[in-house]
Every structure is written in C-alpha cells, then in structure tokens.
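Student: Now for the letters of each chain:
There are 2 protein chains.
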Amino acid sequence: MTSDGVGASVRRSAEAAREAARVLALADRAAKDRALLEVARELRARVPELLEANARDVEEARGNLSAAMLDRLRLDPARIEAMAVGVEQVAALPDPVGRVLSDAVRPNGLRLTKVRVPLGVVGIVYESRPNVTVDAAALCLKSGNACVLRGGSESVRSNVALGRALRAGLDSAGLPAGSVAVVDTPDREAVAALLSLEGLIDVVIPRGGHGLIRFVVEHSRIPVIRHDVGNCHVYVDSRADLRMAEEIAVNAKVQRPGVCNAMEHLLVHSGAAADFLPRILGRYRAAGVELRGDAAVRSLAPDAREATEEDWSTEYADLIVGIKVVPSLEAAIGHINRYGSGHSDAIVTGDPAAAEEFLRRVDSAAVYWNASTRFTDGFEYGLGAEIGISTQKLHARGPMALEELTSVKWIGRGSGQVRG
Amino acid sequence: MTSDGVGASVRRSAEAAREAARVLALADRAAKDRALLEVARELRARVPELLEANARDVEEARGNLSAAMLDRLRLDPARIEAMAVGVEQVAALPDPVGRVLSDAVRPNGLRLTKVRVPLGVVGIVYESRPNVTVDAAALCLKSGNACVLRGGSESVRSNVALGRALRAGLDSAGLPAGSVAVVDTPDREAVAALLSLEGLIDVVIPRGGHGLIRFVVEHSRIPVIRHDVGNCHVYVDSRADLRMAEEIAVNAKVQRPGVCNAMEHLLVHSGAAADFLPRILGRYRAAGVELRGDAAVRSLAPDAREATEEDWSTEYADLIVGIKVVPSLEAAIGHINRYGSGHSDAIVTGDPAAAEEFLRRVDSAAVYWNASTRFTDGFEYGLGAEIGISTQKLHARGPMALEELTSVKWIGRGSGQVRG
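Chains as they are written, first to last, in this note's numbering: chain P, 1 to 420; chain Y, 1 to 420.
FYI, nobody ran anything at the bench for these hints, they're computed from the structure. Do not take every clue at face value.
Only part of the chain Y face toward chain P is listed, based on derived beta-carbon distances under 8 Å [as the list claims (entries may be wrong)]:
| id | residue |
| --- | --- |
| 1 | D202 |
| 2 | V203 |
| 3 | M244 |
| 4 | N251 |
| 5 | V254 |
| 6 | L359 |
| 7 | A365 |
| 8 | W369 |
| 9 | K393 |
Ideal Cβ placement from N, Cα and C applies to all residues, glycine included.
Bound conformation, chain P alone (with noise of 0.2 Å):
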C-alpha cells in the first residue's frame, strides 16, 4: 500500500472507533459484559481459524525471530482458551464508568458531581505477542473506549483474525463493531500515521522495547502513556536479615528475568558485604546468573566482569546481574535515582528509620521494604487486571487497570445560578 493508502486507511479505522466510542461511552454495563462473553464464546468457535492466521505468522517469521520470539509469537488451543478465559475475567470486574468521585452541593445551591467518564479512543501500539491485541481491546471495552490496535508487523495475520473474533462478539451483543480496530497494514508507516491523528484518538499505550517507546513519545501528537523499561534495584542494607536478602535478590532476579519488575542491579551495603555477598554470588552461580560487579565484588568473585558506567543504567532482561557495593544508605538512594528508571526499587533492612527513608526518598512508581521488586502487577496489587506500568507521574504510575483508562467529568445541576 502508498504511504498515503496506509494514512488514510488507519484514518477511517479511527474515525469509525470515534463514532463507536460515543455510543460504547453510554452502554452500561450488561451491555459491555455480554460483549466480553460473546468474545470469549467467539475465540473459543475460532481456534482453527485462529490457529491457520498465526501458523502463517510464524512460518513468514521463522528465520528473522530468535526461537525466544518465535514462542511469544506462537498461539496454541490453550493460549486461545487461556484468552478466552482472561476476557471472561474482565467481564467479572466492576465498571469503573459512571463511578462517583465527589458530590457536593455549593454554597450557591448547585450541586457539582465528579464522575468517572471513558476516555474515549484509547491507541495501543505494540510488539509480539498476539495475546494483547484480547487483553487490550477486553479492558477498553469493560472501560468504555473504543480503541485502535496496532500490534507487530510480524503478528499481522494473528492480529487481524483476533480482532474479527472480537468484532464478532460487540456486533452479537449489539454493540458497534468499530469500538475494536486493528490496523492490518505491516507498514511501518501505520504507527506515525495512528500517532498524527490528534482529535481521533485519546491517548496512546505503547507497549514494548526501548526503542518502540522511543519512536512512539518522539512522533506522538496525542498524548502518550509509557510503559517504558524496568532498571530495578534492591539494597541490601547493614542491619538487613540477610536469609530474608538472600531470598528476595533471588527472587527478583530469577523468577522471571524477562519483565520489567526483574531487579537489574544489587546494591549492598558495605557492613553487609562480607557476610552477604558470598552466599548472594553462591546463589546466582548455581541459578545460571551472569555477574557482573565493582572492584569489591569482583575481589571475592573473579568469575564477575567489571561492571561499566552503561551498566549501571542497563536493563538487561535477562539472567544477568550488576552488584555495587556502597558505604551508605544515602549512597544507595543516589544510586538508585541517579541510574534508575523509576520503575520499582526495594530495600532490605531491619531498620525501620532506614526503611522509611528509602521509601520515602528514592522517586519510583513502587518502593519496597522486604519485599521482591517483583509484586508491582496489576494482579498482585488487587486490581484485578493490568493493561501496562506506567513509569511517568502524569495520570498513572505504576500499574494500569480499569480507572486508569478513564477521564472525569463534572456535573452541575442547578436551579438557575448565574455568576456575580
């Protein structure tokens, strides 16, 4: 297709999500729950269909992917039931629309309520995995948006052949199909020509890498919602219980190296060094870690590389680690907002002053005292689903879910006040 084809066809998917967004706005929520089961029963009627789009992914992209890639890229009968069954989910979730947030009756007689409203068409450029193009388009539904998805070049076919499932299902329940839109142009030039149309669309959720974040705030006129890298610390304290440590820089590093709530660096406490590092690097060895540390840990640990300047600012999503040794609490805190990316940072200590001040003091979405780096999720936080992280202050921080993919509205009743 034309650079100009690409443009105008991204434009007509986002208009008409436009048009469907004003009635989706006022659908209450029997409406948009029997839509989010109709998509489940449609996912779970498509599995063939599903199955033949994505084989067709895969075998265009096998040779350009890592096998890493390849499996995020692959659906199978259980990832589509596993779908099915996370839209079901969400239709159990109860609607953030219309809440009330403050209702007061002025001095004058007018009553001023604050309500929650959607906010509107909600854009969502994205890498891989097929699975978020249901994820996404279930939570802006159940929140009342329409939205215009617009996943990777590589999963084009997979994508296109969810959003007819999820189309299927708003049409069956009496909602406008147009509420999803998924832009089935591999071109590139589909995410500058989603990110020009200010007034279309609310907002932009970019999920992925670096460098797709990067594009997305750098060409953006609509306003954007990162969801940017995780560069994760924990510190160890001098007065921590170091088993508790031990477990938890285990934890955060290990379980799942490839999210954005891994811890990346370790930083300990020189009173605690002698006594810690030794059993924290025996630990990592045999889990498989890479280490990488400053002179103090690489005088008990030759195996470690020195570790760079671009280390310490590094996230590396993967099963490799940075171990710094500082001389004080007030050096960890440094480190941490200085390196960082103001994601999620814990502490380790039995002190509480020292804990208080940390999570007081270092500037990131989600601060720790004994506890892994790992919790920050909107499952774990009780807000029964999570739609991305946001590492910026304006409008959420920290994880996602229903109220935060709302805007508010206010609501005057009066009996015929006039301003003096």
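For this one, chain P is given, so just place chain Y on it according to the hints.
Tutor: Here is chain Y on its own, set in the frame of chain P:
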C-alpha cells in the same frame, strides 16, 4: 544571546530546579507554608522595585500592545497586594502531598499504600499577565513541585523581579531558591529549549491563546496539560423556564466575555424560539453584544450577521454571540459535540429526562443543567485555587488545583515476601 546560549541557560535553570525538587518533595507542610508567607512579605517589601521593572516593560510594550493587553501587563500597588494575599491563601490550603489514597494488606501479608507525591518539576509557559508568575509558583511550591516559568517576552522584567521576590522568600524559609526559575531571555527559542528538556521537566502547562497552546503541543517532548480554548454553549430546551434561560444566557455571555468559560454560542429549541428569541435579542442588544445567527434568528433580527460554518467553531472571547435554532435536543447535543471544544456547556430545561440526556451525552469537561457555564473555575468548585482548566482527558479534566499538581507512589511494606 545566541540560540545555543539560550538553550544552555534554560537547561541550567531546569537542572537547578530538578535538584531543588528533590528537597522540596520532602519538605513538610510547615516549611512550605513558612516559605509562602515569606514570599508574601517579600512582595510587599519590594513594591518600588516591582513597579520600576514593570514600568520599563510597559514603556517598551507601548505601541506594540492593545490598550487591553497593556492593562493586563501593568502592575500597581493594589495588584501587588492582591498577589501577596493570594499567596497567603495558598498557604492556608491543605497540603496534598502524602495524602493516602488507598491502604490495604494483600493476602500474602504485603501492606500496599498509595500516596500522593509531587510531580517534580513543572514547566509553565504563559502570556502577558505577571500575576501568573506568582500564582503558579505558589501552587507549585505548596504541592512540593519546583517550577520553570516562562512568561511573555513583553513582561520579562516584571517576571524576573517577581522571581527575585519568590526566591528570596524561599531562601528566608530555608528552602532551595532554585525551586523557582524564571526564564529571563525574551527570545522565542527559550520556549523551544524548555520543551526539549525531557527528563528534567516532568510536565508542561501552557496558559494562553490557541497559538501558544498549539506551539507547545507540537514542539513538546514533555507531557503537556493543555488549557485550551473554551467554545462553550447554552442550549435552551423547549421546556425551559424562559426567564431563567434569559438570565443564564445573559450571564454566560456578558458577565466576563473574555474568559474561557464564557458562552460563545446559544442554541434554541424551535419550540421555544418564537417566545425566547425576541427577549434574549433585546437583552443582548442592550448589553452591546454583536449578533450573528442562522436564518431563523436573522428573520427576527435584521441587525444580526449571518453565522458562517467558521463561526460555530470560533471562541470569540468578546461581546459577540452566535445563535442557532435547533429542531431537537438530539440536534443540540450533536452540534455541541461537533463544534464545541469540550470545555463547558449548559442546558436550560424543566424536563429532567432531557437534562440527564444532555449531561450524559455532551462530551465536555463540565456540563450544567439550569446554571451558567461561568461556574467552571477552581474557586467556584471549592478547590481553593486554580492553575488552569484542563480541556484534555488525561491526568486532569476541568479546573486544576493542588491535587492535579501531584502524582502517586505505591509503597509496599513486607516481611520477606517473594513472588511464587
């Protein structure tokens, strides 16, 4: 100054603000209030210095600015006193920082608390009126934010002098003077330089005309909260109390026509037109309002100009009104959602069902039933302050006060929890 010099100078101010923000974020309410009272004292002590700086701005602007703009630029002792009183009022408001938004113990024993924290560094880009310098800095200080202020080039000497008073007040109270930076170069490049400082400035709030807002939205890499135009409507329904409708339509248009919550266009149901139009046209003529209208209006008012398609999208911000007769509530809602700017819109009706339909379906920050659009205001809403009125849906919508200058932080306190 060279373009590079301007950029470097703005960057240095922002870096100092970033440093100061770390201290300010941790300052308690007493320290911040002390600083605000010191600022009020400094303003009163510096009246001669402020008037002298302002006189030079006014002298230079004479001939380039309209009389109305010159008046907005001018300071006098009463206006300086009003600024000082405004700062004292901000000191009396509750501190939003540290407020607990949720606090729960998860099933695994992790206690999770969501608290308000400052945004960090707020950039404010505005025009003309020097009092914005003091109002904005006071609200940022109270909410624990540092700020970088860039006012209009015509008021640069006044703003720099006000900045000195602000910094002296901070310093007297033991808080970092770098918390308030006034960009002192009149060059336009200073705005572009400010908008490029992603990572140093957390949010930009533009306040001013549509041209300024567009420039900021198009050039900023920093998240923007826009305070855009107000193309506000009053719709007089077929079942309106026409005396009430008259008072509301006059108040919304005439009481202060230059502000963003003033009405620009009046929609009248065809069933009410024959009774209502002659009355309201008479009132508008008496108030010196220029009339523009559709054919139905012009048949009753030969002095009305024909309203063009462009009229319906225009914020006059002046004593001009566009009037249209509509066949139904549906048509009124459609017109407002198509041509309006999503700021403030009102229905006058005695029919609760029509009112609720309007309140639900008009997609604006503030919607009113039987009240003037002029109430959209932080003070009228009981927020105690106003840094702007957001016309976007992200982060804040409608009047913005102290809470809207904060973000959140999630604090997890555990006893060794790891993720399974």
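Student: Measuring from the C-beta of Y/L359 to each C-beta in chain P, is the shortest one below 8 Å?
Tutor: Where the cut-off is 8 Å and the nearest Cβ of chain P is about 5 Å from Y/L359, the hint holds.
Student: The hint names Y/N251 as touching chain P; please verify it with the least Cβ-Cβ distance against 8 Å.
Tutor: holds (4 Å)
Student: Using 8 Å as the Cβ threshold, decide whether Y/V203 counts as touching chain P.
Tutor: Cβ of Y/V203 sits 6 Å from chain P, so the hint holds.
Student: Please verify that hint: Y/V254, Cβ, nearest Cβ of chain P, below 8 Å or not.
Tutor: violated (10 Å)
Student: Min Cβ distance, Y/K393 to chain P: is it shorter than 8 Å?
Tutor: holds (4 Å)
Student: Given Y/D202 as an interface hint, is the shortest Cβ-Cβ distance to chain P below 8 Å?
Tutor: For Y/D202, the interface hint holds, since the closest Cβ of chain P sits about 5 Å away, which is under 8 Å.
Student: Would you check whether Y/W369 satisfies its interface hint, that is, whether its CB is within less than 8 Å of any CB in chain P?
Tutor: holds (5 Å)
Student: Does the CB of Y/M244 sit less than 8 Å away from some CB of chain P?
Tutor: Cβ of Y/M244 sits 4 Å from chain P, so the hint holds.
Student: Tell me if the interface restraint on Y/A365 is satisfied: Cβ within less than 8 Å of some Cβ in chain P.
Tutor: Cβ of Y/A365 sits 6 Å from chain P, so the hint holds.
Taken one by one, the earlier hints fail for this structure only at number 5.
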